[in-house]
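Engineer: Here is what each chain is made of, one letter per residue.
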Amino acid sequence: MTTESILPLELRSVNFEVQGKRLIKDLSCTFERDLRTIVIGPNGAGKSLFLRLCHGLLQPASGQVIWQGGAQDVTRSQGMVFQRPVMLRRSVHANVDYALSVRGVPRKKRDRIIDEVLQRTGLSRFSHAPARLLSFGEQQRLALARAWALKPQILFLDEPTASLDPPATHLVEQIIEAIHAAGTRIVMTTHDLGQARRLADEVMFLHRGRLLEHTSAQRFFDEPQNDLARAFVRGELLWWHRKHPLHKPGSIEREVVTP
Amino acid sequence: MRPFLSMALCLSLSLLFLAGTARGEPAFITLASTTSTQNSGLFTDILPRFTRMTGIGVRVVAVGTGQAIRLARNGDADVLLVHHRPSEEQFVADNHGIERQDVMYNDFVIVGPAADPAGIQGMHDAAAALKKVAAASTVFVSRGDESGTHKKERGLWNIADIDPAAGSGAWYRQTGSGMGATLNAASAMDGYALADRGTWMSFKNKGALTVMVEGDPRLFNPYGVILVNPDTHPHIKADEGRRFIAWITSKAGQAAIAAFRIGDEPLFYPHTP
Amino acid sequence: MTEFSEAFAAAFSLLVSLDPDLAEIVTLSLSVSLVAVFSAIVIGMPLGAALAVFRFPGRRVVTVGLSSLMGLPPVVVGLIIYMLLSRSGPLGVLGLLFTPTAMIIAQVILVVPIIATLTRQVVEELWVEYEEQLRSLGATPWQALPTLLWDGRFSLVTAMLAGFGRAIAEVGAVMIVGGNIDHATRVMTTAIALEVSKGDLALALGLGIVLLLISIGVNVLAHLIKKPVQNRSPIRRGVP
Chain A
-18 MTTESILPLE LRSVNFEVQG KRLIKDLSCT FERDLRTIVI GPNGAGKSLF
32 LRLCHGLLQP ASGQVIWQGG AQDVTRSQGM VFQRPVMLRR SVHANVDYAL
82 SVRGVPRKKR DRIIDEVLQR TGLSRFSHAP ARLLSFGEQQ RLALARAWAL
132 KPQILFLDEP TASLDPPATH LVEQIIEAIH AAGTRIVMTT HDLGQARRLA
182 DEVMFLHRGR LLEHTSAQRF FDEPQNDLAR AFVRGELLWW HRKHPLHKPG
232 SIEREVVTP
Chain B
418 MRPFLSMALC LSLSLLFLAG TARGEPAFIT LASTTSTQNS GLFTDILPRF
468 TRMTGIGVRV VAVGTGQAIR LARNGDADVL LVHHRPSEEQ FVADNHGIER
518 QDVMYNDFVI VGPAADPAGI QGMHDAAAAL KKVAAASTVF VSRGDESGTH
568 KKERGLWNIA DIDPAAGSGA WYRQTGSGMG ATLNAASAMD GYALADRGTW
618 MSFKNKGALT VMVEGDPRLF NPYGVILVNP DTHPHIKADE GRRFIAWITS
668 KAGQAAIAAF RIGDEPLFYP HTP
Chain C
370 MTEFSEAFAA AFSLLVSLDP DLAEIVTLSL SVSLVAVFSA IVIGMPLGAA
420 LAVFRFPGRR VVTVGLSSLM GLPPVVVGLI IYMLLSRSGP LGVLGLLFTP
470 TAMIIAQVIL VVPIIATLTR QVVEELWVEY EEQLRSLGAT PWQALPTLLW
520 DGRFSLVTAM LAGFGRAIAE VGAVMIVGGN IDHATRVMTT AIALEVSKGD
570 LALALGLGIV LLLISIGVNV LAHLIKKPVQ NRSPIRRGVP
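Chains as they are written, first to last, in the working numbering: chain A, -18 to 240; chain B, 418 to 690; chain C, 370 to 609.
Keep in mind that the hints were calculated from the coordinates and are not lab data.
Where is the CB? At the ideal position from N, CA and C, for every residue including glycine.
It cannot be assumed that every hint is accurate.
[Stated by the list, open to error] FRET-style restraints, in silico, Cβ to Cβ: (1) B:Gly539 - C:Ile583: 34 to 40 Å; (2) B:Pro465 - C:Ile583: 26 to 32 Å; (3) C:Met452 - B:Ile515: 22 to 28 Å.
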């Protein structure tokens, strides 16, 4: 595995469209190492698309996604956890093993890594159970374990707790913290403001495909610069604004914080 | 991992199979013959004797005479045993086969429903009987498959100076299949049909069918045996084939044919008793 | 119809007496069809999966062509194989005509389109679910193929059974390329056809019953393998 850093990741004026409809609009941002970024915004803001563009699952219609030094083989050093992770129809152990074998990790090394990540995600006792028998919370932890086993430099998480109850959410958040503590950059979407407050070092606020705010968590929650963000933080329903935009075009302020 | 396992399993199975067929019996010949000889049970009865004596197995591919000749011409059989003299002679004349010999004979019969709507029962003139069938437009079921029986039937229509094709689909029904299937159809439709006596006697689904016309010399049904020309097809097992022909025309072979009976009646008569 | 009662009696006595000829025919039927289906799996499943996963020009043509071949008349296949394997044909030197191998080849050709098409369908659905996850894990399409086939294994059992059904019930092609030779290439279906042509409908139907029992046996076996694991298929609790 490569040890050289693929970060920072930079998006330059990225646009994405489906059948002529522009879903991500002129989005630029930079991810350095070490922080936890929470991407928030109402449904349809383009959060999931944004993560997929970063991760390389989607290609921008225009603009660039640039990794450190133009690194090409970037899938190796990044991971993604989906809102509904796909568990392969095999055991918990084999699910992690699969991810490692695909990356060409030698068989001898794999078992040690698998044991470690299963232990750290609290799944050791399910090691030989079929992954699809697990509860959804356990499956989500397995998805984290599977991603973690690959020791990614950056991990994208797409609403990983959207369908979990509070205890399961708590466990998942703990694991995310642990992955971060082990040196992985976290970029995670959520529409749960509480979760954003708990986890965020910095916040990106997306609305209708535009990045309206990208700032430190504290600043975002204390004094959002943007009217829409302010309304969102207050807990208002933003779909109302689609018909009655509060902002005039060009009034959007975007601030890029470099940590 | 698993795909490779199943692939290996499959390959080994196939190889096993190939090996099995390659070894096969120590020696065998392929005999292209007609359905009448097989369906009557003649081969099942007499061939084991030849195999016991010589150690040579006989694999019978039983199809219509036309198709049997086709197989032999392609070199897909070693010996041909069929029942249509003109085709056999043509086959030899075309250099596809050699050493043609007469083996046995029986006769054809015209069978029909016991009610006999065309009123032909007891006639001895096959062509005249067919004329009456055509005149009455009662159902006649034909093989329609270029078999020896079909060729014989067409010859009879010619003599009767009738073109049954005009009634095809109406009273003239061509099944395009074997003797058995044709008799099954005749039985189901209460129709008339031309059949070789061997198949007829051993046929188990006669229903209301009985023999209507027999004894016409034109219903004579001789069987001949031909070795496929080894000069045209070098892979032909000529030695084994010749031994088979020698046996079936020998005293022992001829006696075996004569001894094959259903009830008390012989189905085939040896050429040289 | 007395034939039906006679048929059951015939089937019963054939089974009870363990008729050695019947045993030979059944064994040959099963070996030919199982080898054919296994070979068709080895060819058809990767083919079907590749059609589901890879995007290439002409993919639709191949897909439509393959599913059309599911309706391939066995007699035509038999005829083509005959012409190829005949001593006068291009592959005549192999001497495969009128052997079980020729029958296997014919059945493979008949079964591959079925297995490939059903596999494509199963894998295509699976690929919709798996694509992002597998790509995210870094799997290339080539690595995805065996994964998808393995994860679709329980649905693919149905494809195998459909293929087996076509193979074991097929008569037209094996009749032509096998020749229905006693003790060599006679299988259940050609034996049935022979008994029909002898007019022995009861014995033919009896053999048909035996064939049906074999088919039921194979299907029951397959479902026994399939069942326990299928029960614990996706229990996706808590999915919104």
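Engineer: Now, for every hint given, state plainly whether the structure supports it.
Structural biologist: Against the structure, the hints come out as follows:
The hinted window of 34 to 40 Å between glycine 539 (chain B) and isoleucine 583 (chain C) is violated, with their beta carbons roughly 49 Å apart. Checked against the given bound of 26 to 32 Å, the beta carbons of proline 465 (chain B) and isoleucine 583 (chain C), roughly 28 Å apart, stay inside it. In this structure the hint that methionine 452 (chain C) and isoleucine 515 (chain B) lie 22 to 28 Å apart at CB holds, the actual value being about 25 Å.
Comparing the model with each earlier hint shows a violation of hint 1 alone; every other hint is respected.
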